[in-house]
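Chains as they are written, first to last, in my numbering: chain A, 55 to 420; chain B, 55 to 420.
No incorrect hints appear here.
Identical copies go unnamed one by one, so any copy, or any two together, can satisfy a pair.
Here are the simulated DSSO-like pairs of lysine-lysine, each with C-alpha atoms no more than 30 Å apart in a straight line:
no., residue 1, residue 2
1, 222, 252
2, 257, 274
3, 222, 210
Simulated from the structure, these hints should not be mistaken for lab results.
2 protein chains.
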Amino acid sequence: MRKIGISEIEDIAMGAALLGAGGGGDPYVGKLVAIGAVKECGPVTLLDPDEIPDDVLIMPIAMMGAPTVLAEKGIGGKEYETLYKMVSRFFGREIYALMPIEAGGVNSMLPIAAAARLGLPLVDCDGMGRAFPELQMVTFTIGGLKATPMALTDEKGNSVIFDTITNKWTEELARAVTMSCGGSVSVSLYVMTGGQMKQYGVKNIVTRSQKLGEAIRTVKNSAPLTPEEHFLQFAEGFKLFKGKIADVLRETRGAFNYGKVVLEGIGEYKDRQAFVQFQNENLLASVDGEILATTPDLICLVDTETFSPVTTDALKYGKRVMVVGLKCFEMWRTPAGIELVGPRYFGCDTDYIPLEKRCEGGTANV
Amino acid sequence: MRKIGISEIEDIAMGAALLGAGGGGDPYVGKLVAIGAVKECGPVTLLDPDEIPDDVLIMPIAMMGAPTVLAEKGIGGKEYETLYKMVSRFFGREIYALMPIEAGGVNSMLPIAAAARLGLPLVDCDGMGRAFPELQMVTFTIGGLKATPMALTDEKGNSVIFDTITNKWTEELARAVTMSCGGSVSVSLYVMTGGQMKQYGVKNIVTRSQKLGEAIRTVKNSAPLTPEEHFLQFAEGFKLFKGKIADVLRETRGAFNYGKVVLEGIGEYKDRQAFVQFQNENLLASVDGEILATTPDLICLVDTETFSPVTTDALKYGKRVMVVGLKCFEMWRTPAGIELVGPRYFGCDTDYIPLEKRCEGGTANV
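Okay, chain A solo, but in the shape it has when bound (with noise of 0.2 Å):
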């Protein structure tokens, strides 16, 4: 158990949103939200998943939609409330604590702020690992738990409740009300047992994306290892390319941001070439037509001079950036992860192959 406060928010945020893959939404208007709850609230209390006991509820908490549409639309203070009213109301009981269900810039500070508004604990820990653009690519899918009943509630105080018979029909129906929001809303869904939330989620996840924030914040002063070296080696990153944004492809549909970013290499990479594509998330990174990484691994793009994540939203002409492949959580890469989220579901046409495999003896450097 410890306190979380503004300092800390500041390293989650960046952390969690170097651990978004490209997606999760932009840390600045996240941590905004964080910041905001907690200085007219205070320091919100994170336990340890082995403090919390088997029986008792834990609720996680996110924003669905388009990133790009939350940072225009905003997020109020009285959602949370709602969302924990309707989802205690369900099951006739109290909440113990609440969760992230993912990583990422915003859906990291969402249940901080909660958890400060609400007065209630948060747990170190989430479904995810980094985030997913669907509700159902939780590892609590894979351990067979239900997203519903969900909870669904807008900035101007509509609510909906959804139990469904399974969790991607929990995606299209919650799809489409968030559509009809004007495409981002906040929800509460896999509310969860201590003990379903032990045996299956992706623990320390707050801990982790705090220590990465920090190694981020910190990296300049990092002698005898260049900065880049610090960074690679604290994040446990494969380097996969480095260029400047030549080429950025953007359609926001279906509340998801799809697209494709084209670079041109720099320095050593000079002359060669390599693309991106996303829905939300990074999926897949190619470089002179050889693929390098796939979903479920991470997929990251960072600035490089500062590492600080650049999200899909904040991709622009111009920018140099460096591609970083973080391995992903190791339940994705279990069959059943893989047909949850691996490359094929999103219409990428590969097999799924680890990124240290893809890596080794090829282009990246570790």
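Based on these hints, arrange chain B on the given structure of chain A.
This is chain B only, laid out in the frame that chain A set:
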């Protein structure tokens, strides 16, 4: 208090289909569902509104979506139990009785099926006295009642509860989910107290439907009046036109049936032309360019021989129909009623003028 069995159901379905004003679904589909439930579970108790205590909860039951889809997709038997559980859980209270929300061949019947299967009484009252295409279009909206909590379930077992800031938002969100569920679902909305039902409801509508149905069934034996005169007298109907269907333009879009039917005059209307515009229900009837009736008054097409109502999804080239206007429930003629369901809401460029005024000294015969 009286019992509703199979013979009552036959008449109610027929009369309610007439009051459906072209919408509300096929009475044949509707009555099969109700008769099936009554055969299995026994007859239903119909309560007079005045028999209901003020403080009990009344739960309306209906289907939402395009009647054309419903006829293909069918209705299961478990939906009502799901809806009952969702609503009673939400309120933490038992439900005292069910009621229909609108007339029409299907939505008059589903509440009877639900009452039989749940072993609950049905109240002789609804919220329209006819059918309308959107869910905020009930007298309860004029009375300031909320549509939500609205419970929705599909035949697959998915279920959703809505709690929205306005009844228009309920329509928006529930319509999106209805579309995602395939275009038709079972719902409960405007759950209200007995007192509210008595203040704003259209009373004795089930009994009125039954009497209309009985009149249609027995209209042949009606000397000294002609069958047509007898039908018009009993229904208090304005005869607007008689013709052969020359064209039907139809489109299913956004879970609605939109369209227009063109009629070529027969008998005393020879060489004249009429058209009727609809959105699930008939909205406007015009003869030789002169508007003779608009929503919220009821525009009903009936077979020229049997006087059976012809719903908008049963319109076929060559069919001979009489167009009949019926006065709507008085609350629809108030400014609030006109704003909610008047011709301009549906995009018809005319003010609402009561049916009897439009027909005064005109071509219509009463």
